[in-house]
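Go ahead and model the full structure; you've got the sequences and the hints to work with.
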Amino acid sequence: MVNTSKAIVLSAIKYGDTDLIVKCFTEIGLRSYIVRNIFKTKKGKLTPAFFIPLTQLEITANYITGRSLHYISDARIYYPYQALMTDIKKQAIAIFISEVLNNILREDEENRPLFKYLENAFKWLDSKDHTADFHLVFLKNLMHFLGIFPQNNRDAKRYLYFDLLNGVYTDQVVSNYFISDQNLKNFNKLSETDFDQIDNLNFNKRMRLDLLEILIQYLELHLSNFKRPKSLEILKTIF
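Positions 2 to 240 (this note's numbering) are the ones given, in order, by the sequence shown.
The hints are simulated quantities; they were obtained by calculation from the structure and are not laboratory data. For every residue, glycine included, the Cβ atom is placed at its ideal position computed from N, Cα and C.
For lysine-lysine, the following BS3-like pairs were computed, each having C-alpha atoms within a straight-line distance of at most 30 Å:
#, residue 1, residue 2
1, K91, K186
2, K141, K124
3, K206, K141
4, K7, K129
5, K141, K237
6, K231, K7
7, K124, K190
8, K237, K129
9, K237, K15
10, K228, K141
11, K129, K141
12, K24, K46
13, K7, K24
14, K91, K231
15, K237, K206
16, K129, K91
17, K206, K158
18, K158, K190
19, K190, K141
20, K91, K124
21, K228, K206
22, K237, K90
23, K24, K228
24, K24, K124
25, K237, K91
Quick list of simulated restraints, FRET-style, between CB atoms:
#, residue 1, residue 2, range
26, I22, R159, 45 to 53 Å
27, D200, G17, 43 to 51 Å
28, G17, S225, 30 to 38 Å
This is the structure in structure tokens:
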């Protein structure tokens, strides 16, 4: 069956001398493709530049039931980024996020709300100047789509701790994984913030690093398949 859908590139790996295996999150779910002879000719419609992580494509592919790899017959970049592929800081965020998504997305079924969130989030990242806290808000929002982030607790500020293992606010330490004091205040502030309020966060580098570690640990505790991203250290260095 031939289908055309929007897609966001998560990873691309060279296969043999001429081919490319590409993983994308599409409007119809997570899909893997093989692009034949993309390194063989310079005159083809498709080039490796189409498949840089987080590129937003419109893909026409032949989907065959039972196969794990599908064949792309045509693709075009439907949203050309202006800064995401050239700004060093935004590139670091993009590499980190693509690695996180590659680790955790396992859905073969379509999830259009999640796709729409990713699509709009990356457009926001591309177009804005103040993006130092983008990855924190992105991860927090992503956890909501995954169903693992705690529901907003209107009384959160009255509690002494947040238990990362059980995902609850508490006044008693009930596990070895908890946050308190300034980290808890920053976590609560992040929990209430979306991209359009990101300038209100005003986190310094120490706060940002602590929150990033908290979010990564939360993912490790709640997703059995999650692996700590290799690009994490690069992101810490830049932000």
